[in-house]
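Colleague: Residue-level listing of the chains:
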Amino acid sequence: MIGLTPERIAEELERYRSRIAEGAQVLTRMGEIEAGVSPRDPVYREDKLTLYRYRPRAAVLRPVPLLIVYALVNRPYMMDLQEDRSMIRGLLDAGLDIYLIDWGYPDAGDRELTLGDYVHRYIGHCVDYLRDRYHRDSIDLLGVCQGGALSLCFASLYPEKIRNLVTMVTPVDFHTPDNLLTHLIRHVDIDLLVDTLGNLPGALLNFAFLSLSPFRLAGQKYVDVVDILDDAEALKNFLRMEKWIFDSPDQAGEAFRQFAKDFFQQNKLVEGNVVIGDRRVNLRDVAMPVLNVYATQDHLVPPAASKALAGCCGSRDYSEFSFRGGHIGIYVSARAQREVPSTIAKWLSAR
Amino acid sequence: MADQNRASSPKPFDADFLFEQARGYLAFGEQISKLAEQFRDDAPKETDWGAVLRQNFARFKTAIAESANGPNADPDLARLWTQTLDVWQQTAASLGVVAPKSGNAESWQSYQRVQGQYLGLLRRSAEAALDLMEQQLRERAAVGKTVDSLRELYNLWVDCNEKTYGQMLRDAEYSELGGRLFNALLRCYSRGETAS
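One line per chain: the protein sequences are A and B, in this order. In terms of the working numbering, the first sequence opens at residue -8 and continues consecutively. In terms of the working numbering, the second sequence opens at residue 12 and continues consecutively.
These aren't lab readings, by the way, just hints derived from the structure by calculation. One or more hints might be untrue.
Claimed, not checked - Simulated crosslink set (DSS-like; lysine-lysine; CA at most 30 angstroms straight-line):
#1 A/Lys39 - A/Lys152
#2 B/Lys174 - B/Lys72
#3 B/Lys72 - A/Lys234
#4 A/Lys227 - B/Lys156
#5 B/Lys45 - A/Lys212
#6 B/Lys174 - B/Lys156
#7 A/Lys252 - A/Lys152
#8 A/Lys212 - B/Lys156
#9 A/Lys39 - A/Lys212
#10 A/Lys298 - B/Lys174
#11 B/Lys156 - B/Lys72
#12 A/Lys152 - A/Lys259
#13 B/Lys45 - B/Lys72
#14 A/Lys39 - A/Lys252
#15 A/Lys212 - A/Lys152
#16 A/Lys152 - A/Lys298
#17 A/Lys212 - B/Lys174
#18 A/Lys234 - A/Lys212
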């Protein structure tokens, strides 16, 4: 068919079959795939949460610690995937003193955890721990994706505790026309979901993400990987990313209920109607300097969803950094390693 | 509320899933090989090259449509265009939702009906992708470009499916049907139509 003969196709298929056969053996020999490479030490624990401090790599450190609040969805080692693809390492090399909240894996006992627990209690206690440890009134906060939305809530409720706020690929306006996740969740009965399942299983989140691009993410990607089955390094990189993609913690039921309904379905964050615990979140109270980092080709958090922050936060020192890449590329691409940590470090060092 | 004692934890890489997709690619190749044979047989008799392409694509569409059910079912070929449904069914199974023994439970039947509608939507998108692929091949041929490898043709097929699927995904009908499918599954679960 158009340059393709049956003989040529048969030849190509035969070659593919033999690569699969060889590849099956390579895969069984790969062993455990490690991810998360930078040395770190646990400094604070509460329930399933662990606060880590990454061991500094620079001779001179910024005196203000930077606390990273990752999303509840997926695991934070995406920011430290491997030595040559580590946002954390880039920030350490730039002289920052990095702490990260690892939320752990919620189980049935966490079903009743609310966004109030996550924001007032968990983030609050980590922030207070660092304020005490460094004898400072305020620290720097970096929120990633959903963690950025939680960080915005915290910063609006406790502005005196945050010196500078960095948001990365953070949704603020959940109702921009190109927001596919909102589109998918719009008609889901969230109360039925949480009342039925308790926690939201991570497998359902995986389905939602795969269903955005199934022919590439659940098909072509695996057809193509057969080409690298004889390249141990490339295969390890692939498997490391696979591990992260499918390493999806369940979501604590009540926290998910509020996030799905208030943020996704009703877009209350941008409208100033989110109530965390008993306190209303007003983004106008986010008055500290803000750096908003978004990705121009982000299919999960469209740029417009992030850039909406400009119009609703109260900071008079608001900056944006537009990264040319996607939602995953902003952590792991070579361009990200060159551009993102240095931009954040430079912005912080001026404040 | 369902009993949920486990905490999720990282799963090891699912090599079987990789091999399933590889088998799907092989099924695609075998289908294309049949078409290439037909094309070679038909082309000398026809002066209208476009008509031959059209006829062969019509056969491909039939094979795709029959792959998901009926006497000519070919699960490996079906997997090529039912990716979303396959992942969905695996997800549902991981929650413990399986067909009840009697098969008559009202919520299960309702779920099956919605799933049938969802499959119909996916089929329409897959057929539109084949139309698009045919059109793109025709446009390439018009400027003397050829497709020289099976993988190139497969990649074109993926691009076309992503395009038509993406359009479907953004449509209000998909959002509404996807929500109904999810809610119907949850009702099966909440009424105990699940594996123990």
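Colleague: Does each hint fit the structure? Answer for all of them.
Modeller: Going down the list of hints, with the structure as the test:
no., hint, in the structure
1, A/Lys39 - A/Lys152, "holds, 24 angstroms"
2, B/Lys174 - B/Lys72, "holds, 17 angstroms"
3, B/Lys72 - A/Lys234, "violated, 36 angstroms"
4, A/Lys227 - B/Lys156, "violated, 36 angstroms"
5, B/Lys45 - A/Lys212, "holds, 25 angstroms"
6, B/Lys174 - B/Lys156, "holds, 21 angstroms"
7, A/Lys252 - A/Lys152, "holds, 28 angstroms"
8, A/Lys212 - B/Lys156, "holds, 26 angstroms"
9, A/Lys39 - A/Lys212, "violated, 34 angstroms"
10, A/Lys298 - B/Lys174, "holds, 27 angstroms"
11, B/Lys156 - B/Lys72, "holds, 23 angstroms"
12, A/Lys152 - A/Lys259, "holds, 24 angstroms"
13, B/Lys45 - B/Lys72, "holds, 13 angstroms"
14, A/Lys39 - A/Lys252, "holds, 25 angstroms"
15, A/Lys212 - A/Lys152, "violated, 44 angstroms"
16, A/Lys152 - A/Lys298, "holds, 24 angstroms"
17, A/Lys212 - B/Lys174, "holds, 17 angstroms"
18, A/Lys234 - A/Lys212, "holds, 14 angstroms"
Of the numbered hints stated above, those contradicted by the structure are hints 3, 4, 9 and 15, listed in ascending order.
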